[in-house]
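S.K.: Okay, here's what each chain looks like letter by letter:
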Amino acid sequence: MNMQRLSQRIWDIAGGVSVRTKILGIVLGMVILLGLGVTIQARYALTATMNAQLEEQSISASRDLAARSTDPILLNDLLGLHDLLKETTANNPNIRYAFIVDNRGQIIAHTFEGGFPLDLISLNTAQAGEHHHTALIQTDEGLVWDTAVPILDGKVGTARIGLSDASVRAALSTLTAQLILTIVLVSITGVLVAVLLTWILTRPIISLANATQAVAKGDFSPRVQRWANDEIGDLAEAFNSMTEELARTDGLRKEREVLRRQLLEKVITTQEDERRRIARELHDSTSQNLTSLIVGLRVMETNCAQCASISKATDLRDVASKTLDEVHDLSMRLRPRVLDDLGLSAALERLVSEWQARYKIPVDIAIQLSERLPGDLETAIYRIIQETLTNIARHAQAKSASILVERHGDMVRAIVEDDGIGFDTNANQGERHLGLLGMRERAELLNGTVAIESSPEHGTSVFIEIPVQNEKLEASL
Amino acid sequence: MKKVFLLILMIMTVSCSSLPEKEVVGSVDLDNLQPLPTPDGHSAVPLRIAVAAVISPEGTVQSYSPLLLYLEEKLNRPVELIQRKTYLEVNDLIEHGEVDVAFVCTSAYVEGHDTFGMELLAAPQVDGKTVYNSVLIAPSSSTAKNMSDMRGKVFAFTDPISLSGRVYPTYLVHELGYTPEEFFARTFFTYSHDEAIRAVASGVADGAAVDSLVYEFAIARDPSLVDKIRVIHRSPDFGIPPVVVSPFTRPQIKADLQSLLLKMSNDPNAIDALASIGVESFVMIDDNAYNSVRELLGVIPIPDIP
Chain E
-4 MNMQRLSQRI WDIAGGVSVR TKILGIVLGM VILLGLGVTI QARYALTATM NAQLEEQSIS
56 ASRDLAARST DPILLNDLLG LHDLLKETTA NNPNIRYAFI VDNRGQIIAH TFEGGFPLDL
116 ISLNTAQAGE HHHTALIQTD EGLVWDTAVP ILDGKVGTAR IGLSDASVRA ALSTLTAQLI
176 LTIVLVSITG VLVAVLLTWI LTRPIISLAN ATQAVAKGDF SPRVQRWAND EIGDLAEAFN
236 SMTEELARTD GLRKEREVLR RQLLEKVITT QEDERRRIAR ELHDSTSQNL TSLIVGLRVM
296 ETNCAQCASI SKATDLRDVA SKTLDEVHDL SMRLRPRVLD DLGLSAALER LVSEWQARYK
356 IPVDIAIQLS ERLPGDLETA IYRIIQETLT NIARHAQAKS ASILVERHGD MVRAIVEDDG
416 IGFDTNANQG ERHLGLLGMR ERAELLNGTV AIESSPEHGT SVFIEIPVQN EKLEASL
Chain X
36 MKKVFLLILM IMTVSCSSLP EKEVVGSVDL DNLQPLPTPD GHSAVPLRIA VAAVISPEGT
96 VQSYSPLLLY LEEKLNRPVE LIQRKTYLEV NDLIEHGEVD VAFVCTSAYV EGHDTFGMEL
156 LAAPQVDGKT VYNSVLIAPS SSTAKNMSDM RGKVFAFTDP ISLSGRVYPT YLVHELGYTP
216 EEFFARTFFT YSHDEAIRAV ASGVADGAAV DSLVYEFAIA RDPSLVDKIR VIHRSPDFGI
276 PPVVVSPFTR PQIKADLQSL LLKMSNDPNA IDALASIGVE SFVMIDDNAY NSVRELLGVI
336 PIPDIP
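Residue numbers (the working numbering), protein chains in the order written: chain E, -4 to 472; chain X, 36 to 341.
To be clear, the hints were calculated from the coordinates, so they are not data collected in a lab. We treat Cβ as the ideally placed atom computed from N, Cα and C, and that holds for glycine. A few of these clues could be false.
[Claimed, not checked] Taking CB as the label site, the calculated pair distances span: (1) X:Pro258 <-> E:Ala37: 50 to 60 Å; (2) E:Asn87 <-> X:Glu251: 34 to 44 Å; (3) E:Asn87 <-> X:Arg256: 30 to 40 Å.
Produce the complete structure using the sequences and hints provided.
M.R.: Shown next, in the form of structure tokens:
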């Protein structure tokens, strides 16, 4: 459990840093680990070798001293003995001290000046007949390899020589210092190399990431350079061909979109024009004819009071009159003339009053427009609200509805709300869905939006937002 | 990752188990210097025996140890062996009473007897005789047949006042009408007879004159010497190097020692002690035995300063 947490923690740290830091960490870690390992191993090997050498030296120096001191001791040549000790220490800088103990335990010559560390005597002895006896002694100056060698089988005395391990320690410090210096230099080189390496490695990755972000924002222009002939190079190439393909299909899509819009616009314009023409035709020609017919029938009624066919004429006039109303209504619904003549406010008020009259649902209408809007904008808002009202009448089972149209700067906003049963906006419901789609298309043609919020039991809200100055934007498409 | 851990673990183990393999036996402060204690006085005053450097100091210790132990035991007092580099130094010790008894060289005895009254105690007897010779030796490869063939060669003397090692060979050169400095290419002193034998055996010297007793003893101990050196001349008999006492030695000690030495050959415990110095027994000897030496020293005097 702990292990898992630990590894998780290590992963958190390792995963949290950039590739650059990771590579740097790997390089530094390896250099330092290797360096430390080598340092420890080298120190160990050097210490072992040098200590063995020191012990060896201690033995050979002591044996040499024992052999050479025999005659001076036997001949009581103390000056010669002293010179011998001095010479011995002078010849080997590792020798810290040398002294001779005679067979009665008296020190007859030594290399200390001004006294003798008496504790030293008892720390090492060699039995008669022993080749030598080496002991390791801890002193205030470090470790000392002390070798005692019996002189003339111990009959004469004992020669003692102590070799300080100062040289070992000095060599160790030098070695360690050199190794640490090497580690530092290698680390610096390693860091430089790692920086170069990460730069080489991450440069294509960073440029790929930047390019990907640009592509995500819809900019297909960036191409990444293929820096190296490796996997990342392959990736860069794949990325480039992908962006090219994306750019191509995006161009195609945009072209089609423009075409589609143009077509849609054309369809809508043609439809509106056609409706306007038919409405005018109905109003001007058909209504006139019907009116003439009605007038003719009324004249016929008056002139022929006793005619048996008077009731027939009255019926015909009623039919004609009803047809006239229907033609008016049809004309009105196809393309209210008031929209062209008096504008959106009047057209909407007329639409709402007729709709209320027909469906008996009260509508609260508020229109805040100080001036006329561009024709296509007025048509779009009118048609969208018309469609919404149709939907309310058909599906909503609403008790009331409200319409708000207002202008904020360059934005016209319209909200249509009802308190009906609502519907699931995500569900595709055939005809109604098509109707909603049509509303959106109309708004989008003018760079506007239609948003529908609806939920069962909470009614439906339709938000329409269309910018007023849309000529320029349209041109850009 | 596991391998790295193992490696680290291995290095740690190796480095931790490293030095020092030897255990530290104790600690001492090398700067805490104190005066050396003055040696305790001996519980018993030792009998001081000087042995002149007929053989090397080391050889002397080995040869005389059994005798010293025997004397220690018999006299029931410690015996101290004292050696000096030259015969004259030993004579000085005897003259000033710094030793009680001494084994000296023949010429040293004559010199000591005639200058400050060195007294004879006993003489060793070897092969039933109390005489010895000076033998002239050369490497076995040498073609020399007598002293005259040694001209222009390197010659090893033993001690400046040694009868066999310097006085006699100098006498031989003198007979040829030269001084050693004129006759030999180079001379040097070895200060003991076994060293002189070694100098000839190793070819360092082309010739040397040594004590016949030491020569025979050396041949007996190391038979391989026979192949390396040969005797080209043997001197007439001289009085054997004696055991002497200082004029300061108390008569009681002198009497005790004398009787002890004279009885040694009858004591089975003394066999080793006698054998070790190559002596059969100790016998009384008269000063007249050294008169021939005195004659020789009349011709070749002992130098005042060695």
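S.K.: Indicate, hint by hint, whether the structure satisfies it.
M.R.: To see whether the hints hold, each was checked on the structure:
1. Between X:Pro258 and E:Ala37 the beta carbon distance is about 55 Å. The supplied range of 50 to 60 Å therefore holds.
2. Against the hinted window of 34 to 44 Å, the Cβ-Cβ separation of E:Asn87 and X:Glu251 comes to about 42 Å, which satisfies the hint.
3. A C-beta distance of roughly 35 Å is found between E:Asn87 and X:Arg256, which places it inside the suggested range of 30 to 40 Å.
In the structure shown, no violation is registered for any of the earlier numbered hints.
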